[in-house]
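Based on the sequences and whatever the hints tell you, model everything.
There are 2 protein chains.
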Amino acid sequence: MVTTAVTDTTAAAKAGLRKVELPAKGSKNAANAKGSKNVAPATSVAPRIDIDWLSRYLLGTWSEARLESRRVAGRPELQRIEGQTRAEHRTTVFGQLHVLVGEGAVNKAFPKHLGGEDDHGGNIAGFEELVTADPSLQIKSGVQWGLFGAAVLHLGTAYHHETFLPAIMSLEVPGAFAMTETGHGSDVAAIGTTATYDAATEEFVLNTPFRGAWKDYLGNAAVDGTAAVVFAQLITAGVNHGVHAFYVPIRSVDGTFLDGVGGEDDGLKGGLNGIDNGRLHFDHVRVPRLNLLNRYGDVAADGTYTSSITSPGRRFFTMLGTLVQGRVSLDGASTAAAKIALIIAITYGSQRRQFTAGSDTDEEVLLDYQKHQSRLFPLLATTYAASFAHEVLLTKFDSVFSGAHDTDVDRQDLETLAAALKPLSTWHGLDTLQEAREACGGAGFLAENRLTSLRADLDVYATFEGDNHVLLQLVAKRLLTDYSRKFAKADVGVLARYAVEQAADRAVNGAGLRRLAQNVSDRGSVARSVGQLRSARSQRALLTDRVETMVAEIAGNLRPAAAGSKKPGAKKKAADLFNQNQNAMIDAAQAHGELLQWEAFTDALAKIDDPGTKTVLTWVRDLFGLGLIQKHAAWYLINGRLSPSRAKAVEAYIQRLTLRLRPHALDLVDAFGYGPEHVRAPIASGAEAARQTEARDYYRDLRASGDAPVDEKAQKK
Amino acid sequence: MVTTAVTDTTAAAKAGLRKVELPAKGSKNAANAKGSKNVAPATSVAPRIDIDWLSRYLLGTWSEARLESRRVAGRPELQRIEGQTRAEHRTTVFGQLHVLVGEGAVNKAFPKHLGGEDDHGGNIAGFEELVTADPSLQIKSGVQWGLFGAAVLHLGTAYHHETFLPAIMSLEVPGAFAMTETGHGSDVAAIGTTATYDAATEEFVLNTPFRGAWKDYLGNAAVDGTAAVVFAQLITAGVNHGVHAFYVPIRSVDGTFLDGVGGEDDGLKGGLNGIDNGRLHFDHVRVPRLNLLNRYGDVAADGTYTSSITSPGRRFFTMLGTLVQGRVSLDGASTAAAKIALIIAITYGSQRRQFTAGSDTDEEVLLDYQKHQSRLFPLLATTYAASFAHEVLLTKFDSVFSGAHDTDVDRQDLETLAAALKPLSTWHGLDTLQEAREACGGAGFLAENRLTSLRADLDVYATFEGDNHVLLQLVAKRLLTDYSRKFAKADVGVLARYAVEQAADRAVNGAGLRRLAQNVSDRGSVARSVGQLRSARSQRALLTDRVETMVAEIAGNLRPAAAGSKKPGAKKKAADLFNQNQNAMIDAAQAHGELLQWEAFTDALAKIDDPGTKTVLTWVRDLFGLGLIQKHAAWYLINGRLSPSRAKAVEAYIQRLTLRLRPHALDLVDAFGYGPEHVRAPIASGAEAARQTEARDYYRDLRASGDAPVDEKAQKK
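If you read the sequences in order, they're chains U and R.
Going left to right, the first sequence walks through residues 1 to 717 as full-length UniProt numbering numbers them.
Going left to right, the second sequence walks through residues 1 to 717 as full-length UniProt numbering numbers them.
Each hint should be verified, as a subset may be incorrect.
Remember, identical chains collapse to one label, so a pair may be satisfied in a single copy or spanning two.
Stated by the list, open to error - Straight-line C-alpha distance at most 30 Å; calculated DSS-like pairs for lysine-lysine:
| hint | residue 1 | residue 2 |
| --- | --- | --- |
| 1 | Lys567 | Lys486 |
| 2 | Lys713 | Lys486 |
| 3 | Lys477 | Lys631 |
| 4 | Lys607 | Lys631 |
| 5 | Lys477 | Lys371 |
| 6 | Lys571 | Lys486 |
| 7 | Lys571 | Lys371 |
| 8 | Lys648 | Lys573 |
| 9 | Lys572 | Lys648 |
| 10 | Lys713 | Lys573 |
| 11 | Lys477 | Lys567 |
Rather than coming from a laboratory, the hints here were simulated on the basis of the structure.
All values reported here derive from a predicted model rather than from experimental measurement.
Right, dumping it as structure tokens:
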């Protein structure tokens, strides 16, 4: 599949190459490119995107669920009302959750026998589209059904499903997912809340021993929640079996806390103020033994602990792993928000004019400025990459959660994939919203144009459901584990060869790159260099080589830690060594995530038949791939993977690609498939174009009338 | 002065070098470093910052005005109340403006004979500190006294000063600065509003001919303003003399628009909602001839236009140049906000613990993690650089506006300096606030901890008072002008030599670098490479060379445009060529701005006597300088200015500097001199440290009691 993709891609790119060397500037081209499939340009043979086809393609496997959710998100009563107070916004969003229940939009992931559809992929696809209505709506539904409900579903067993799920699904019982504590966010294993089993009454006693162990930042906790899934250290018969989840009622229906439960409001936040985040604490609160969500660990009436998973560490990660869908959906939602941002900025940039650069009367369209293209198109390319990568992640998620491919290895792969992609896409979402905001100037700062509001809401996506830096470290650890496994199986010969390679001149290191380096001399022509770099094979080789080399280097750096692991003080030394490589690990994980995005994009190209669409999308992929190489050019140069002239050629070719994509920019955002009911930004509505036309008409008529004042400057000539 | 600085610096760095090769980790060191001047560590000979001295030094020339404004900003009734509605916030801020009047805090820049102090530097220094109370307060005062009032002061003459300024100073007349239009932000020269002189009535008729010519985004326009300084095309006797400013009453005291004036509210914004931004339009509104602010251009009763500046272009830029103080103050305010952000993140990072990396019981302090240091310390270094650079800018501003050095060249230098620094510092402010927010995790997202709120408010600083990209292009044009002037005076020999140099191997190009390249072989030891790079001379050479080379390259690229300037179609061709170099121009301007910041930092080091302070600040400067070189490493490598091994050495040395600065991090933010009344973030109050202590005490007592549950994991061993 991959090989086919590369071949097709290259062929298409070559075929399209000569056709498109047209001046990509000017609003006329843009206007032609926009929705002009019925009006074939008489002379141009430039490739055209089949927008309808590409739009369907981007919807992916769960296109129906996605379209259905977009229809729901298009309902005005589900959409963000800017300027509401926190209290109003909370009330609105809670009401909207009931609307979602009425729409039957929330049950997809639940079991069929309880009225659900056992459709995990479709559920996430639909859920993440809600971000276009209001991120608070997306996240509050996520709290109720994706965290609170999903914890009961995945960590509980039949009793819990029958007893608790129906009221959760119907929103009769709104609930909090009480995992994070004020003192422990990323390090869940270290939470302070305890659940001590009392065999005399067959109850667990939940307790918060100090202020840092208060549950914190919990959606539904400040106001709406009447129950919570509480994570606590399970202690029975004097042994702490680690973190387990318990179903705990917290409020009566009149909204007052039950005995022993207390809490407070987290107050105003930087965004997502439609959600009532708050804190909870427990003073020896008793729940029945059966309220332990006991899928992975159980306590018998006499206090005996049993678990299907012997290793406490593996048990912990298995339990937490069931909650990966939060990360999956943030990956999708951030990418959706980036799409909205680009629709707004590219539409406005295609209409807005400023400065008469090359004419006496006509002002230039913003998107014809080099800088405007350079600030937006690479983000557009990354958004396509993130979108295709998300489809891969969602497919993997569905195959695990549907049970189709649900081995330990599958689950680990899924978690690594989610941990690699979620940081990249959440940061990309923020970067895109910010660049779009600035590219729209003062108009971008108005709340009605949505960019600032979406950015404020999505800000926290970078640190919740797994802090991005912590997730990237998980990825790095997995890469290092895979690396050491590879060498654990290898004979001494391999290791020796590896050592030699490490010592050898870096310029010819890396299998994929060696041939490349030999084929094209550093002093060769820029054209030939570019020809090579344009190929998918070269891009893959460069991106892969970087990940592999970085991982090998880190593994080498960490070797002393592994060697001395039994000696006294070894733990501290190992930790120090690890810490000295923390930046490198995060960089390597990020490089790995970028490679995954690139691979997903390249795989996606293979399934495109329409030559025009394939050609343009290949340029977009090349802009993404070469953009990554440019971003990391210092690494490639330092490590001898790129010669200076080659690195310069990358820069120049990126500029050519950018110009080439100019006439397709509006098509590329049209293909995201969002309607005005999702975009909802006045500056992207055509109002700007109307203003521009009115102003130009006014000046044209004034000139024609003969009443126009003479310019002082002209007068002096 | 500069030479002295370099020598001292290098000596100090050498002197300090061995002393400080201590393990920089651990909270104990941090605790010692913090406020421990009276408790000299028995064994350590590490340098210490004299915090009090550095704090005074950072206050700069206008320290009194700055301290006085900080005292005012520390008053609770002037501080932002998070969660207010837009209407409440507007009312609060308008009330706060009256408090400022009562404090006598707003008149510094106005003439002495009207009750002012003619103190331009002190005025800006004080004004920008208000950002710590509420950015809306800062900007709304800026609108009233820094734009509306300053336009009357600088564009008007004695009549306007006597007639209008007293009521502006007292806030009796709140006013708008009506320059920007919906259709024209950056391109002020192209605004559509006209002011046509009617000699019959000796009035100007202000008119808005189309929707795009509505004045937009004006503070004070939606609600409070009763007058405005309106910028319009001045037309008299059939000639358009370009943009001039007019004093125009817009509302009666009861708040209704005067005849012919209309407008609307800009509505909710991404931030700064304490300011009533709005739109204005004029339907043949008449104002007396004397309402033309006539310092640079006047119309006689008979309609004759006169101006002291013959060139309409130069007249326009002179008028706009009087408004440079907005940019100056944004530079300072953004830097102040970055300081607040770093105080919060570094204080919290010094107290917050997460994960037991090297110990069984003690969790690590966040700031001991490599990544945490690497994400915050370079921002700290840049904040110092921006702070020192701002002092240079403010000094230049004061010397021009006080009249001490007020030639055309001085004004141009001031404008270029402001245009170079404002983009860098406003983006840096946003980057710092965001990184600090993420570094504080969920706590950083709570509004009470201020990071999200400040970021939302400061967002628009990047595009108002001159869009950052537009300003950087102005800088680039100035650099190109200077460059061409240099060669205009040069004989043919110089140009020929230049051409040869351009063609020669880039590896040895650049006067400063050539010697460096010869002294240290690429294959030489890393230690020797680092030794060279650490010197101020090398950093300056690398940073200067980059700017000069980039400018020379662009000038070379643009030469065909200059050559064919008389031919038909030349304007379009020149514009295209210019556009093809737009990215390069912006990059060059940014490099120039960075160099200015570096020079300001280096100059500032020369005035530090205390050896400990000098040593530590030199490390901070080195982190800034080498950080710039690392950021642009690809350029240095591609252009042969750094060998791969040298570039690697830069990376490694930055890591060493980062570790070395760890024990000084709290001192470095303490020296910013802000008190709890300015910081106001609960997470930076010591609450986190108290929680950590309580948790650790709890576990210690539990272990001592013998009642602690056994860990399942430990049990199995």
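- Could you check the structure against the hints above and give me the numbers of any it violates, in ascending order? Every hint satisfied by this model.
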